[in-house]
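J.: Here is how the chains run, residue by residue.
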Amino acid sequence: MSYRRRASPLHSARAAVACAYCLSLALAALVLSAPVLLGAVAIAVLAAAAGSRVASEIGRAARLAVPVALAVAAVNALLTRDGLTVIARLGNLPLLGHTDVTLEATVYGGVLGLRAAILILCGALYTVAVDPDQVLRLFRRLSFRSALTATLATRIVPVLMRDSRRFADAQRCRPGPPPGRLALMRATTASVLDRALDVAAALEVRGYGAARRPPRSRAAYSRHDIAFAVSALAVAALAVGARLGGAAPFRAYPELHAPLHAGTLVIAGALVLAAALPFIDRRGIAP
Amino acid sequence: MSVLELERVSYAYPGQARPALDDVSLRVAPGELVVVVGGSGSGKSTLLRAASGLVPHFHGGSFAGRVKVAGMDTRDQGPGELAAAVGTLFQDPETQVVMGTPRAELAFPLENLGEDPSAVARAVEEAALSLGIAHLLDRSSNELSGGELQRVALGAALAGQPRLLVLDEPTSQLDPVAGDELLTSLRRCNEDFDTAVLLCEHRLERCLAGADRVVALVAGRIACDAPPSEFLAWAGDHAPELQTPGARLLRGLGLAPVPGVKRARASLRDQALMPEAAPAPGPARVRSRRWGRRSPSVSALSLRGVWYEPGGGRAILRDLSLEIATGERVALMGRNGAGKSTLLRHAAGLSRPTRGRIEASGRVALLLQNPTDYLVHETVAEEASADARAAAGLDPSLASRHPRDLSGGERQRLALAIVLDVPADPPAVVCLDEPTRGMDRGHRDRLAALVRGLDAAVLVATHDPEFVAAFADRVVLLADGAVIADGTPPAILAGARYFATETARILGGAGGALTPEEGVALLLARVGHEVPA
Chain A
1 MSYRRRASPL HSARAAVACA YCLSLALAAL VLSAPVLLGA VAIAVLAAAA GSRVASEIGR
61 AARLAVPVAL AVAAVNALLT RDGLTVIARL GNLPLLGHTD VTLEATVYGG VLGLRAAILI
121 LCGALYTVAV DPDQVLRLFR RLSFRSALTA TLATRIVPVL MRDSRRFADA QRCRPGPPPG
181 RLALMRATTA SVLDRALDVA AALEVRGYGA ARRPPRSRAA YSRHDIAFAV SALAVAALAV
241 GARLGGAAPF RAYPELHAPL HAGTLVIAGA LVLAAALPFI DRRGIAP
Chain B
288 MSVLELERVS YAYPGQARPA LDDVSLRVAP GELVVVVGGS GSGKSTLLRA ASGLVPHFHG
348 GSFAGRVKVA GMDTRDQGPG ELAAAVGTLF QDPETQVVMG TPRAELAFPL ENLGEDPSAV
408 ARAVEEAALS LGIAHLLDRS SNELSGGELQ RVALGAALAG QPRLLVLDEP TSQLDPVAGD
468 ELLTSLRRCN EDFDTAVLLC EHRLERCLAG ADRVVALVAG RIACDAPPSE FLAWAGDHAP
528 ELQTPGARLL RGLGLAPVPG VKRARASLRD QALMPEAAPA PGPARVRSRR WGRRSPSVSA
588 LSLRGVWYEP GGGRAILRDL SLEIATGERV ALMGRNGAGK STLLRHAAGL SRPTRGRIEA
648 SGRVALLLQN PTDYLVHETV AEEASADARA AAGLDPSLAS RHPRDLSGGE RQRLALAIVL
708 DVPADPPAVV CLDEPTRGMD RGHRDRLAAL VRGLDAAVLV ATHDPEFVAA FADRVVLLAD
768 GAVIADGTPP AILAGARYFA TETARILGGA GGALTPEEGV ALLLARVGHE VPA
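Protein chains in written order, with the numbering used here: chain A, 1 to 287; chain B, 288 to 820.
Everything labelled a hint here was simulated from the structure, so no lab data went into it. Given the structure is predicted, the values throughout are model-derived calculations rather than measurements. Just to be clear, a hint being listed does not mean it is correct.
Claimed, not checked - With beta-carbon atoms standing in for the labels, derived distance ranges:
hint	chain 1	residue 1	chain 2	residue 2	range
1	A	91	B	642	52 to 60 Å
2	A	287	B	684	53 to 61 Å
3	B	541	A	164	49 to 57 Å
The beta-carbon is built from N, C-alpha and C at its ideal position, and this holds for glycine as well.
Okay, chain A solo, but in the shape it has when bound:
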């Protein structure tokens, strides 16, 4: 899973704004606890993935996120002793001892799992929709060499992975007993060092050794920059406002308290709308 420029409004926004947009969705997942609102954030992330034409990549990330969410929910239900509404008595279990599963622990586990899944999906959205070179350029003014090291890592890791596959194929072609692990490790290390030396030479001849601090870029804000910046602010404001204003009360223990007010539904709808609206304008999105 890696960044590729696609014809989408999010890919057309500058990296700082796209990054802020992904962060605002993650922030909403972190500060909100009401299942309805978390569900709304999850829908917003999926809508953003569809709008950015990265649904299949986010789907692949979901294959990791859903088992993680289920595991978190199951662990919380089994380990947490809080909650008054017992829904299953499992008796004495090895390691866990006497185990009663409560509705409260199960629901709260589900909330935690959903939050973890949303954070994974936000990370995946960032990975496939935000240009890493632009992000690193933002940091180059602060720490040029650290940013370049990070850039090199993102560029060279796939190269080394291809090298390792090629190396494995070559070893399969060697007749007779396979070489020892130490010999293989030595050869692999030598190969990586060769690559590192080549990269270092390439950096030198591109002027890295005499590099100066890059000047600040002052590109004009596009319609998508503005739309996603406003969207990120709106999502963050709605999430923080709902949390501070108590607009979506949720308490798991000792007894589940999650009243469904009209206000909660309005905030949920507003979250989805705020996150999805920038995708409606599809002018000027071609790579």
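Go by the hints and put chain B onto chain A.
T.: Quick look at chain B alone, frame taken from chain A:
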């Protein structure tokens, strides 16, 4: 004023007694295209690295003499400072593109120079347009092919409008199409922008025609510094392995060698030696399992109706059928993505077909494109037995050397020794994948002789028609995973436009001559002369 000036330069790498450059003096004028040639270890790469400042700043070692690039002395200025005046391109496209997108890659050297963002944007745009890579600017670097990566790296080298461009075998890792595109781009930059070029390139027949001068290095010293025609005359007497096929053809006829197919034809016409144009090749014959297939007496390898359809991708092999007889030497040709490497992987059992059957009469040895991947031990002797090394033509004196210290050709032979090295189970089929990539003619000729001497059936995937003419007795042409032509080398290569040797191109396919020697024999026979021994 010279853009590059070497004054009595001598240089030895750290820990090496023998100098890689020995009292070298050279001047390159603005706009000149100078090709640097020489055998393995002659000092070509070191000369280029001295011009870019990597020698001695990056490599260390002992350095004497003076190198000036655009007036800057490389003793005082490192490669970072010199980057403003000299653009450099190396062999391996993978490690030269260091940023995530071509746009960032082209901008990187300019940002290092502290250029204004608007100047960077303009230079990126112009470099991309001049090299025809504008459509790649926002693609991920990891998605680009080797040829595309190399053009991006050339763009990064050119973005700062350097006065001198230094290129160390830039096409050696590319297929011929991508290599030709790169050399064409390079020539345009040289002609349009007056950029001086110092180019080290093993495919001399492709670049000599556009060169102003050729510098030949032998053991770190300049042995010849002359215009291409004079260089070819010198090479005929002193370094035959540096001659182009066209030069060998003309020299064999007693004519002065000239660079390029067009000038060679003109030279033949002037002497009334140029044969009539051969008839255009007819439709390619396909021998399939259904009709017209040759029936080898003993089949060493048999592929019947093989399909390879990877999940989520297009079919790479499509109903491919092929029989290879024991001892037969077959060249597998076709453009990139035609399925050549995939076929070899299937033959060796590295991949399994999704449909069809593959049978071999014994072990199938496969030598993949990068021989270094086979080398895991500390000495050459540990890698393969003495018999196998001798059979692969490896010098016995190399036994105690570290395998990674060998030259490219020597590594190739050692890797071949490794895959052949089972006396109890000699391979029935030996498959080689692009074995001549980046190889000079001397190594290529020795490999061809080695392949001809193998007892096993040989299947070689290659883009190199000169190599095919030297070793093969059958050529199979693939396209989109299927066989589109199958016949003798003259039948496939002589009348072809792309898959043709230089001799065949000069003679227009006449008489099916593929090598200079065949061409000489053909032309002398036409005028009633004795064929020289």
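J.: For the hint 49 to 57 Å, verify it against the beta carbon of residue 541 of chain B and that of residue 164 of chain A.
T.: holds, 55 Å
J.: Measuring from beta carbon to beta carbon, are residue 287 of chain A and residue 684 of chain B in 53 to 61 Å?
T.: Given a distance of about 56 Å, which is inside 53 to 61 Å, the answer is holds.
J.: Indicate whether the distance between the beta carbons of residue 91 of chain A and residue 642 of chain B respects the range 52 to 60 Å.
T.: Since residue 91 of chain A and residue 642 of chain B have Cβ atoms about 54 Å apart, the given range 52 to 60 Å holds.
Checked against the numbered hints above, the structure breaks none of them.
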